[in-house]
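K.L.:
Chains as they are written, first to last, in this note's numbering: chain A, 1 to 659; chain B, 1 to 162.
If you're looking for bench data, these hints aren't it; they were derived computationally from the structure. Every value quoted in this text rests on a predicted model; they were computed, and no experiment measured them. Hints may contain errors.
List time: in silico DSS-like cross-link candidates among lysine-lysine, alpha-carbon distance up to 25 Å [claimed, not checked]:
(1) Lys49/B x Lys650/A
(2) Lys116/B x Lys648/A
(3) Lys77/B x Lys648/A
(4) Lys48/B x Lys650/A
(5) Lys402/A x Lys77/B
(6) Lys90/A x Lys48/B
(7) Lys650/A x Lys127/B
(8) Lys402/A x Lys134/B
Residues per chain are reported as follows:
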Amino acid sequence: MSIRKMQKLAVIGLDTEKETLMSQLSELGAVELIDQKDKLEDELWKDMVVQDDNLAYAQQLDQKVNRAQAALEIIERFDTSKSPLFSTRKRVKRADVKAMAADLSGVESEIDQILGYGEEMHRINEAINKMDADLLYLGPWKAYDLPMELSQTKLCAIHKGTFPADRNLDEMQKELQSQFEGFFLQAVQKTKECTYAAWVSLKENDEELLEAMKGNGFTEVTFGELTGTPAECTDRLLAALEEKKKELVDLGNQVGSHVASKEAIEAYFDIVSLESEKEKNRSKLLKTTQTFFLEGWIPEICVPAAEKILSETGCYYLFVEPEADEKPPVVLDNSAIVTPFEAVTEMYALPAYGSFDPTKIFAGFYVVFFGMMLSDAAYGILMSLACFIILKKYDLEGMAYKMIKMFFYCGLSTAFWGALFGGWFGDIATVVADVFFGKEFVIKPIWFNPIEDPIKLLIFSLALGVAHLFTGLGIKAYMDIKDGRWFDAICDEGFWIVTITGICAWLGGSMAIPAIAGVGQWMTIVGVLGLLFTGGRKRKGFGKVIGGLSNVYNITSYLSDILSYSRILALGLATGVIAQVVNTMGSIFGGGIIGAILLLCIFIFGHILNIAINVLGAYVHTCRLQYVEFFGKFYEDGGEPFEPMGNKTKYIRIENDKY
Amino acid sequence: MTLFESLFDGNTLALLGAAIASLAGIGSAIGVSIAGQAAAGVITEDPKKFGKTLVLQVLPGTQGIYGFVVAFLIILKLGMIGGGMVDLTVAQGAYLFAAGLPIGIVGIISGIQQGKAAAAGLQLTAKRPDQMTKGVIYAAMVETYAILALLISILIWLGTNV
């Protein structure tokens, strides 16, 4: 079985050993602690123990993590180096991490400095925003040539403000001048929305005039702290703005000088995160005044290592097998060549603990289906090459590593099937030979060309599909038998295999090999009768009849399952035909240099498009065949992923040298 | 010869088939547009997701390409490209007309529907970017039927001897 066996670990120890033990288990990175909340309500436990925690300290650590995060974000803005295609975690030795963790003050002061710059930049940006707003505000007043703060002289009052755009100021001027002595109104700037204007009057008329003006839609404008004439003020602001922007650039340069310590801050981030995680995990511990208790899941292969730690700390410990009603977390365990295909399994859902991990069984089908769907040797070679380069260049891990490695294998398979079907960028060799050299040339397919004989490939695809389905049924039967349900295995899986094999032999026999037709016929009859009589075996009375009939009716779902594999042919043809269409379009322009250049352009663009469409199509539809047709027969999902403490780092990958 | 007969010879039928096949582009245009609108909504929240959303947006685009491929194949069989157009019998023309129907009709509907599924996948991507591949798979399920239609179109085309 390729789901790792888990053991349950229970530890009781002295409080004085707790810190050391937690640190060492976190370093081991193979224990997932179990929450003990229900024990607090258990009669047996509740008077003895209380929940352990150190939340205040954990919060303190979280704050540090957040500060490091903020500092990294600031650095990010000034990091001019190009970000890589794949982000990878840097490998760091455990000893180096410890050396670093011993003295974090250097990094911390650097983080403080960077955050200081960040705040300063924030302040400057605010000031710049205010200046920009002021400049905008002053814009329409440029032609006003009195100091803005001047609102009165000895005898006169001065008002500045706006009128609605539709007011005629000249008429207003004439009308009011006749009424009030010394009144003078001047428009400063007209815009679509309003007219900016200023007016002067004798102080004695001021109140009365203001009323009249408000009646005309006048709104007074104030300039607050802005002084001098608007033109002067604008110049001053622009100069100050320039100054601030320079300061900002200087600050940016200063932050830029810290880019080199990005890695150190990232490592700090992870070290403190791990510490915080450990502290948060303490709430899963129970304690008395002098002792503590913890439980956790640990993979069986890690037990010796854990045992060593536990015996060194002198705690009392126990490893037990999980009980039937317990759900240990799940981690898959496959050989190196199959591991990449775990990506497909994990994306669906992890299998339940104690059920079956089919990764190593479907990996072969996956590669074959993918290869047949993409089915162009040149595409396959390109794809494998690209994946190979990525794997060499980047130190990938986890899901990204698995996917790229998987596509590497799929590329090889594509090259293989492409060569069998004679697809090398479609029929580019034939087209080039014909257009440019006037010769007939075909790269001979090793097996046959599906475009010339699609039915052959259709039958082959469906046959592969039947094999795939039978494998799924076989796994289900294996699981039934393992649980001692022999009869179920015969009724639910055995009869289906007999029936479907029978139908295939019958159909195949009547078309090609008459000898097997009779056998097929009898197998079908036996199978269908078996299904009919056993389908309702778990029901009562009339239900037995209904169960049997509906069981036989299921034949339609098997039929649609099998026909579903025709997509292998469809996608394979799609790749081949689109590639040929691209080549034909390229050849329309005929021979010669211009023809060659146009052909090259269409060739590159068209085949890149074709690869993009069909790689995605092949990937998605191969997954679908696994998920719907294959997994549907037996898969039990619902496993929780195993998340041991001490593993969740973002930037660095800590390498243990001990284990 | 009546006008009807002179217009509707084998070649016209075949060309109509090509025209209908290329109508699959309608489905793709609408589907890509639906997905694109949803994608733009996701980007307003987080511009970094552009790459991810683009994959989902272009998914309904394949129907148009399949339609184009079938149309091109039919035109190729007619010999319109390269000059020497062949004279088809009415029966041959009708075969090629039939070849254009599956991808033309299924393409329109599956393109639109795939656009809707892709838009839902984009909502998923907005909230759970790590689950984006599942959104892609849901949307790609819709395409199954366009692929089957393409298969039938190509099989009819392959079976028509000119």
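K.L.:
Now, for every hint given, state plainly whether the structure supports it.
P.N.:
Cross-check of the supplied hints:
no. : hint                : result
1   : Lys49/B x Lys650/A  : holds (20 Å)
2   : Lys116/B x Lys648/A : violated (37 Å)
3   : Lys77/B x Lys648/A  : violated (60 Å)
4   : Lys48/B x Lys650/A  : holds (19 Å)
5   : Lys402/A x Lys77/B  : violated (44 Å)
6   : Lys90/A x Lys48/B   : holds (23 Å)
7   : Lys650/A x Lys127/B : holds (21 Å)
8   : Lys402/A x Lys134/B : holds (17 Å)
Hint check: violations occur at hints 2, 3, 5; the rest are consistent with the structure.
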